[in-house]
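Here the protein sequences come in this chain order: A and B. The numbers in the working numbering rise by one with no breaks, and the one at position 75 of the first sequence is 75. Just add 1000 to the spot in the second sequence (first one is 1) and you have the working numbering.
To be clear, the hints were calculated from the coordinates, so they are not data collected in a lab. C-beta atoms are modelled at their ideal positions from N, C-alpha and C, and glycine is treated no differently. There may be inaccurate statements among the hints.
Claimed, not checked - Across the chosen pairs, the derived CB separations fall in these ranges: (1) B:G1060 with A:T26: 46 to 56 Å; (2) B:Q1265 with A:G144: 15 to 25 Å; (3) A:Y25 with B:L1117: 46 to 56 Å; (4) B:R1305 with A:L96: 42 to 52 Å; (5) A:Q11 with B:G1316: 44 to 54 Å.
Unchecked claim - Covered stretches of chain A, going by a simulated chain B footprint (3 or more residues, C-beta under 8 Å): (6) 22-36; (7) 67-78; (8) 116-129; (9) 135-141.
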Amino acid sequence: MPLDKLSHPQQARAWFDNIPIQNQYTVGIAGEVFFRGLMDGKLLAAHCQECGRTFLPPTLYCGNCFSTSGEWREIVPHGVIDTFTVVHLDLEDNRLEQPELIALVRFEGCEGGLIHRLGEIDAAQVEVGMPVEVVFRPPQEREGSILDIAHVRPLTKS
Amino acid sequence: MQKQMAIVGVGYSGFSSISPGLSYKELMYEAAVRAYQDAGIDPRQDADGFVTVAEDFHEGTSIFDEYVPDQLGAVMRPVHTVTGDGIHGLIAGALKILSGAMNIVVVEGHSKASNILTLSQVTAYALDPIYNRPLGLNPYSIAGLEMQRFLHQTKNTVEQCARVVVKNRRNALNHPSAGHGSDISLEDVLASERVASPLRKLDIAPHSDGCVVFVLASADAARDLTPQPIWIRGMGWSNGSYSLEQRNWAHADYARQAAQMAYHQAGVEKPHDEIDFAEIDDTFSYKELQHMEALELCGEGEAGRMIDEGATQPGGSLPINVSGGSLGVGNLLEASGLQRVLEVVLQLRGQASARQLKNVETGLAFAWRGLPTASGAALVLSR
Ligand SMILES: [Zn+2]
């Protein structure tokens, strides 16, 4: 152990550094199916013919039985709120002027679901189990990303 | 497992919210010197191998494992670094002994969290880049989503979560090395800033800097080195889906599976009766309750009642996080699990000073790998 340690906080020197980090992320076979579906205003899930489970977001492989999924199924974009939160901090841990309402939505007959913004509702009105629907951006604004979904909102009776 | 390998040396440095006077290498060196002194070994002669745990993005250095040998006395020796919690690393070290390949193995984990200037950004970078990251959410949103679902399904309450914070922060007052001990009230917790509802600022374990080093030994080597080996009786770990969407948000399945694996090896059939005390993940207040249920220290939905009744207080029937846990000691990143093991070892040795529990034979340490993971590791230890 050292005999002479720093004896004053001002002696404690530090070096600062940062690097730019940029990546591209290949969406893959299942991702192509899913995002082309979003551009058409559809939610597409992967169905495993081996164990009969359906996964959203879709994957090429089944997380349950490890066989190739191989079949894509359109999901009715109506679900229920499994859980939700109101987030008050941004990515730099600064307080948001407008807190964000986020929900995990589950869809019937489907494992998984969708995490997205919840809109057109006051935070105080949100409950677990509430029926919601997916709102897509207008077709001309879609570019094949998860943000082609504008938000989810309480299910409007039609 | 019956007395096949043991922890024979412990050393640590920290645990404080900042450590401007020491580099991470010097924190490691301090802890290592103490561990080798405690075990009575010379690492250059006696240690057969070394395991460390680290994440490159937490260290701010690519290929970080190259930076660990020197300050541990491990240059030109067998070293490998695990990405995971410290208990994952400890298990990797123990398996080297169990395999018969090595007799004495050193395990290290550390946190220099105060050097990470954009930790939320780093944690958010662990989210799925295609399906989740485009939303640009602060990663505490994941804890908020999980806490909401856990409370909804189990009927535990935010008050009971706050009671965990009060207990652990107060426990830390009896731990001279804990970085965040304080005598706070339930009201303080419930009135703290909202972060990701229902999660509030004081529900979140603040970070600490520090390092923990263990010396592990085979049964024969352990008996030669110390009159007081602490035996590793069971080890388990489990990894859930990376996918936030595929995960079970109410129950910590990874904890249940890791514990069942460890209990089975240790011959523990009724955890609530056979585990004398536990140091378990409390990175967020609700996590202590969620993990108690998953680790079968109580039934589903009963964790809140246990904290209400004081059963998990130091004087209760099943003391939990007597050290102060992460809420009181501080979140030590990858070293968090090793701090939990450290407390179990000190308690079993009778070296826990003011917070020493009476008549403890068997302890459980459980670590969660933290946001955004669904992975954990468990260790059952006994005298
Ligand atoms: Zn399948």
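Here's how the hints hold up against the structure:
| no. | hint | verdict |
| --- | --- | --- |
| 1 | B:G1060 with A:T26: 46 to 56 Å | 27 Å, violated |
| 2 | B:Q1265 with A:G144: 15 to 25 Å | 49 Å, violated |
| 3 | A:Y25 with B:L1117: 46 to 56 Å | 25 Å, violated |
| 4 | B:R1305 with A:L96: 42 to 52 Å | 36 Å, violated |
| 5 | A:Q11 with B:G1316: 44 to 54 Å | 46 Å, holds |
| 6 | 22-36 | holds (count 4) |
| 7 | 67-78 | violated (count 0) |
| 8 | 116-129 | holds (count 4) |
| 9 | 135-141 | violated (count 0) |
Violated hints, in rising order: 1, 2, 3, 4, 7, 9; the structure is consistent with all others.
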